[in-house]
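Q: With these hints in hand, go ahead and build the complete structure from the sequences.
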Amino acid sequence: MMDLTQKQWVKHAVMHPVEGFEDMRWKKSGSLKIAFGIVLLLFIAAVADGRVYGFQFGVAYDKTFNIIPYIVKSIVVFAAWVVGNWAVCTLLDGEGTMKNICIYSAYALIPYIVQIFICLLLSHILVQDEAVFIQAVRIIGTGWTAILLFSAIKSVHQYSFGKTVFAIILTIAAMFIMLFLLVLFMSLIQQVYIFISTIYTEISYRVRV
Amino acid sequence: MKKRNKTLLTLFASCVLLGGGIVSFAARAGEPYDVYNYDRWGEAIPSQAGYIADRVVSGYDLGVGAMSAPSDIFCDHNDIFYICDSGNNRIVAADSDLSSIVKVYDRFTMPDGSVTTLNKPMGVFVSAETGNIYIADSENSRVLVCDTDANVVMEITRPESDLYNGTFLPQRVIADKAGNVYVVLRNITTGAAMFDASGEFTGFYGANRVEPTAEIVGNYIKNLFMSEEKKARRARNVPTGITSFDIDGDFIFTCTSSSTQTTDTVKKLNAAGKNIFASKELAFGDYTPMYDTSQNKVLQPAICDIDIADDGNINCLDYTTGRVFQYDKDCNLLFITGTIARQVGGFSQVSAVESLGDDLYVLDSQKNTVTVFVETSFGEIVHDATDKFNAGYYDEALEPWYEVLKRDGNYRRAYIGVASALYNRGDYKGSMKYAKLADAPRIYNKAFEGYRMEFLKANFGYIAAGLAVLIIGIIVLKKRLKKRKPAAETAAAAPAAENEVSGKEEE
Chain Y
1 MMDLTQKQWV KHAVMHPVEG FEDMRWKKSG SLKIAFGIVL LLFIAAVADG
51 RVYGFQFGVA YDKTFNIIPY IVKSIVVFAA WVVGNWAVCT LLDGEGTMKN
101 ICIYSAYALI PYIVQIFICL LLSHILVQDE AVFIQAVRII GTGWTAILLF
151 SAIKSVHQYS FGKTVFAIIL TIAAMFIMLF LLVLFMSLIQ QVYIFISTIY
201 TEISYRVRV
Chain P
1 MKKRNKTLLT LFASCVLLGG GIVSFAARAG EPYDVYNYDR WGEAIPSQAG
51 YIADRVVSGY DLGVGAMSAP SDIFCDHNDI FYICDSGNNR IVAADSDLSS
101 IVKVYDRFTM PDGSVTTLNK PMGVFVSAET GNIYIADSEN SRVLVCDTDA
151 NVVMEITRPE SDLYNGTFLP QRVIADKAGN VYVVLRNITT GAAMFDASGE
201 FTGFYGANRV EPTAEIVGNY IKNLFMSEEK KARRARNVPT GITSFDIDGD
251 FIFTCTSSST QTTDTVKKLN AAGKNIFASK ELAFGDYTPM YDTSQNKVLQ
301 PAICDIDIAD DGNINCLDYT TGRVFQYDKD CNLLFITGTI ARQVGGFSQV
351 SAVESLGDDL YVLDSQKNTV TVFVETSFGE IVHDATDKFN AGYYDEALEP
401 WYEVLKRDGN YRRAYIGVAS ALYNRGDYKG SMKYAKLADA PRIYNKAFEG
451 YRMEFLKANF GYIAAGLAVL IIGIIVLKKR LKKRKPAAET AAAAPAAENE
501 VSGKEEE
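Respectively, the protein sequence lines represent chains Y and P.
Residue numbers for the first sequence follow the numbering used here, beginning at 1 and rising by one.
Residue numbers for the second sequence follow the numbering used here, beginning at 1 and rising by one.
A portion of the hints provided could be inaccurate.
Here are the simulated lysine-lysine pairs, PhoX-like style, with alpha carbons at most 25 Å apart [as the list claims (entries may be wrong)]:
no.	chain 1	residue 1	chain 2	residue 2
1	P	K478	Y	K11
2	P	K429	Y	K7
3	P	K482	Y	K7
4	P	K436	Y	K7
5	Y	K11	P	K482
6	Y	K11	P	K479
7	P	K433	Y	K11
8	Y	K63	P	K433
9	P	K436	Y	K63
10	Y	K7	P	K483
11	P	K406	P	K367
12	Y	K73	Y	K33
13	P	K429	Y	K63
14	Y	K63	P	K406
Some chain Y residues well away from chain P (every beta-carbon gap over 10 Å; in silico) [unchecked claim]:
no.	residue
15	W26
16	Q56
17	G58
18	N66
19	L92
20	V114
21	L120
22	V127
23	F133
24	I139
25	Q158
26	M178
27	V207
Distance ranges between label pairs, derived from CB positions [to be verified]:
no.	chain 1	residue 1	chain 2	residue 2	range
28	P	D358	Y	E130	39 to 49 Å
29	Y	E130	P	L282	22 to 32 Å
30	Y	I177	P	A458	55 to 65 Å
31	Y	K11	P	R484	18 to 28 Å
32	P	D395	Y	I125	21 to 31 Å
33	P	K231	Y	I67	50 to 60 Å
34	Y	I196	P	S294	29 to 39 Å
35	Y	D129	P	D395	47 to 57 Å
36	P	Q349	Y	E130	47 to 57 Å
37	Y	M15	P	K457	37 to 47 Å
38	Y	D129	P	K280	17 to 27 Å
39	P	I216	Y	K99	35 to 45 Å
40	P	I216	Y	E22	51 to 61 Å
Calculated from the structure, these hints are not laboratory results.
We put the beta carbon where it would ideally sit given N, CA and C, even for glycine.
A: Pasting the structure below:
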């Protein structure tokens with residue numbers, strides 16, 4: 001039963017929103033390599049969505065290209081989700097390890113990524129009046145990923161339905177707390193940098209005189 | 001400072017090089033400032049000048065002695081300029097090229113034969129229908145209507161109406177075709193006072209809206225819980241009053257000079273007093289106010305005068321930066337002219353702007369001069385193209401737009417013009433190219449729709465054939481795979497198991 005290759009597991013997990021991840025857990029399957037590949041694809045999708053989207057659907061500011069927002073939008077958010085979920089669920093008797101959370105969450109992202117690429121393709125074929133098709137694809141893809149993500153968290157930690165909802169809410173809260181700390185940390189570093197640079201300027205003036 | 005020195009140096013050098021004989025040419029060779037325009041993102045980019053300062057006219061040039069704090073300039077239907085020489089309490093009428101004086105109005109004969117003079121007149125207007133001169137005689141609290149021989153026809157004073165309270169200090173005055181008189185008053189925020197042809201007060205016209213800032217909204221909510229007595233003692237929320245206006249046919253354009261207000265700074269009012277620009281998201285003056293380090297203040301635009309040219313272009317005069325922002329009648333920015341400087345083409349305190357033909361006239365109330373700007377060849381082409389484009393002659397506008405692009409590759413309106421013209425001609429591919437360069441998704445969308453239709457029509461056979469082949473191919477492949485599967489399944493089982501083992505080892 002269920003003797004699938006790693007690639008077949010990906011397909012199985014994505015195509016079976018309810019049972020897929022349970023089966024995967026039962027078989028102790030899932031590959032970190034594929035998970036990282038998916039996150040990389042997510043990053044590429046984010047960049048492509050921002051830069052080469054059909055021109056009739058809006059213009060990208062192309063005077064400068066800053067990669068940081070795209071990294072934040074894809075990789076950093078994903079990492080925050082994984083770390084946040086791990087941190088929350090360790091306290092909530094979750095059974096998932098950080099590695100498993102990462103793998104399962106990444107697999108769940110596939111419909112979302114596929115949706116981005118399909119929309120990208122459609123945006124070069126359709127005109128503004130037909131944007132409703134893009135909207136439909138977008139809703140289906142995102143909804144699918146939401147369901148998969150829920151199912152992934154549920155099975156990786158072996159939670160009940162209610163507890164999964166609770167865990168996800170707490171995870172999102174944890175992500176915000178991380179964001180807050182990050183901003184705090186950044187501003188602190190900036191202050192320290194300004195302090196040091198001021199001292200340097202001050203000293204350099206004295207030395208010259 | 002360094003930059004100014006450099007400009008001065010280059011100017012000096014060019015003067016020396018060219019010799020004394022062609023100094024006037026050297027003065028016209030460049031503007032004493034960097035000419036700029038705005039791109040689609042609202043960022044300032046270098047551009048070509050649409051106007052260049054030609055000469056400066058002072059009271060001495062006109063032969064009437066120095067002007068003192070002139071506040072308004074108006075060009076009538078006979079191309080005679082009326083300059084409101086406020087500090088000298090007179091109106092100076094000069095001919096169309098501002099070379100000689102036509103008449104100086106300082107003494108007026110009242111209907112009963114007595115003589116009256118002005119006291120700090122602020123605005124002047126001449127009606128094209130009746131030929132009467134309307135003077136906002138500010139400190140005398142009246143509006144004088146007289147004929148060209150200085151015989152007073154009518155005198156409008158503070159209305160004895162319950163609607164009107166406050167002082168009557170006219171700043172600007174205009175009259176419409178029907179003879180209704182509109183007066184902008186100092187310290188009156190409820191709009192311009194409107195008088196009928198016989199001088200009867202009929203109400204207010206075109207008040208600004210109160211800008212819903214956080215403070216105003218907060219005050220409104222607080223007011224809900226307050227007693228009437230308390231409300232009466234609180235500061236009231238009133239809009240900023242109108243600063244100046246101009247009339248163009250059936251529409252009155254008003255401007256409001258306020259460093260804090262951003263809505264309603266420029267309005268186009270119909271006969272009912274409704275603002276036609278209200279529904280558009282428009283900004284007048286500089287998009288991103290510049291911070292001036294030498295004055296330690298943000299140069300917030302304050303549109304202090306407005307003028308509608310004969311071709312419908314809107315000239316807005318920004319008091320803070322001394323710049324004239326010229327818009328076409330659809331409020332697309334055309335040119336930015338002028339600066340604060342002590343050179344020809346620079347100002348110290350602008351007070352009014354007027355246009356005649358292709359020229360711009362800017363009045364400076366501190367230098368006491370009128371600066372004449374003439375259209376450059378670039379400006380001429382842009383105006384030509386814009387006029388044709390706005391009238392719907394896209395095809396005819398194509399050539400001038402190409403010419404504009406030759407001279408200034410950053411001029412966004414030209415790309416839009418070319419894209420629209422090519423779309424009209426059915427050249428969808430070209431239109432898409434130029435729409436992309438203009439960052440104009442809407443035009444691109446239309447052009448793309450046409451292009452797609454053409455593409456489908458031309459290649460429908462190939463596309464249909466390709467689809468058919470693809471579908472047949474998939475069906476055939478599936479059938480083959482199904483046939484193979486029973487045989488392959490047993491063979492694949494063993495390697496699959498091996499894979500899983502190796503997968504576990506990796507973990």
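Q: Now, for every hint given, state plainly whether the structure supports it.
A: Okay, the hints, checked on the actual structure:
1. P:K478 <-> Y:K11: holds, 18 Å
2. P:K429 <-> Y:K7: Between K429 (chain P) and K7 (chain Y) the Cα gap is close to 43 Å, so the pair fails against 25 Å, i.e. violated.
3. P:K482 <-> Y:K7: holds, 20 Å
4. P:K436 <-> Y:K7: Answer violated: K436 (chain P) to K7 (chain Y) is near 41 Å, above 25 Å.
5. Y:K11 <-> P:K482: Distance of about 19 Å is within 25 Å: holds.
6. Y:K11 <-> P:K479: Satisfied, since the Cα-Cα distance of roughly 21 Å is no more than 25 Å.
7. P:K433 <-> Y:K11: At roughly 42 Å apart (the allowed maximum being 25 Å), K11 (chain Y) and K433 (chain P) break the hint.
8. Y:K63 <-> P:K433: holds, 18 Å
9. P:K436 <-> Y:K63: The given pair, whose Cα atoms are some 14 Å apart, holds under the 25 Å limit.
10. Y:K7 <-> P:K483: holds, 23 Å
11. P:K406 <-> P:K367: Distance of about 38 Å is beyond 25 Å: violated.
12. Y:K73 <-> Y:K33: holds, 21 Å
13. P:K429 <-> Y:K63: Roughly 24 Å separates the two Cα atoms, so the pair holds.
14. Y:K63 <-> P:K406: holds, 22 Å
15. W26: Holds, because the least Cβ-Cβ distance between W26 (chain Y) and chain P comes to about 13 Å, which exceeds 10 Å.
16. Q56: violated, 4 Å
17. G58: violated, 6 Å
18. N66: The claim holds: N66 (chain Y) sits with its nearest Cβ about 15 Å from chain P, beyond 10 Å.
19. L92: Non-interface label on L92 (chain Y) holds, nearest chain P Cβ at 25 Å vs cutoff 10 Å.
20. V114: holds, 19 Å
21. L120: holds, 15 Å
22. V127: violated, 5 Å
23. F133: Holds, because the least Cβ-Cβ distance between F133 (chain Y) and chain P comes to about 14 Å, which exceeds 10 Å.
24. I139: Label holds. Min Cβ-Cβ 22 Å, cutoff 10 Å.
25. Q158: holds, 19 Å
26. M178: Non-interface label on M178 (chain Y) holds, nearest chain P Cβ at 28 Å vs cutoff 10 Å.
27. V207: holds, 27 Å
28. P:D358 <-> Y:E130: 39 to 49 Å: Given a distance of about 46 Å, which is inside 39 to 49 Å, the answer is holds.
29. Y:E130 <-> P:L282: 22 to 32 Å: holds, 31 Å
30. Y:I177 <-> P:A458: 55 to 65 Å: Given range 55 to 65 Å: holds, Cβ gap about 58 Å.
31. Y:K11 <-> P:R484: 18 to 28 Å: Distance hint for K11 (chain Y), R484 (chain P) holds at roughly 19 Å.
32. P:D395 <-> Y:I125: 21 to 31 Å: Taking Cβ atoms as reference, D395 (chain P) and I125 (chain Y) lie about 30 Å apart, which means the hint holds.
33. P:K231 <-> Y:I67: 50 to 60 Å: Given a distance of about 55 Å, which is inside 50 to 60 Å, the answer is holds.
34. Y:I196 <-> P:S294: 29 to 39 Å: holds, 31 Å
35. Y:D129 <-> P:D395: 47 to 57 Å: Distance hint for D129 (chain Y), D395 (chain P) is violated at roughly 26 Å.
36. P:Q349 <-> Y:E130: 47 to 57 Å: holds, 56 Å
37. Y:M15 <-> P:K457: 37 to 47 Å: With Cβ atoms ~39 Å apart, the hint holds.
38. Y:D129 <-> P:K280: 17 to 27 Å: holds, 24 Å
39. P:I216 <-> Y:K99: 35 to 45 Å: violated, 56 Å
40. P:I216 <-> Y:E22: 51 to 61 Å: holds, 58 Å
Of the numbered hints stated above, those contradicted by the structure are hints 2, 4, 7, 11, 16, 17, 22, 35 and 39, listed in ascending order.
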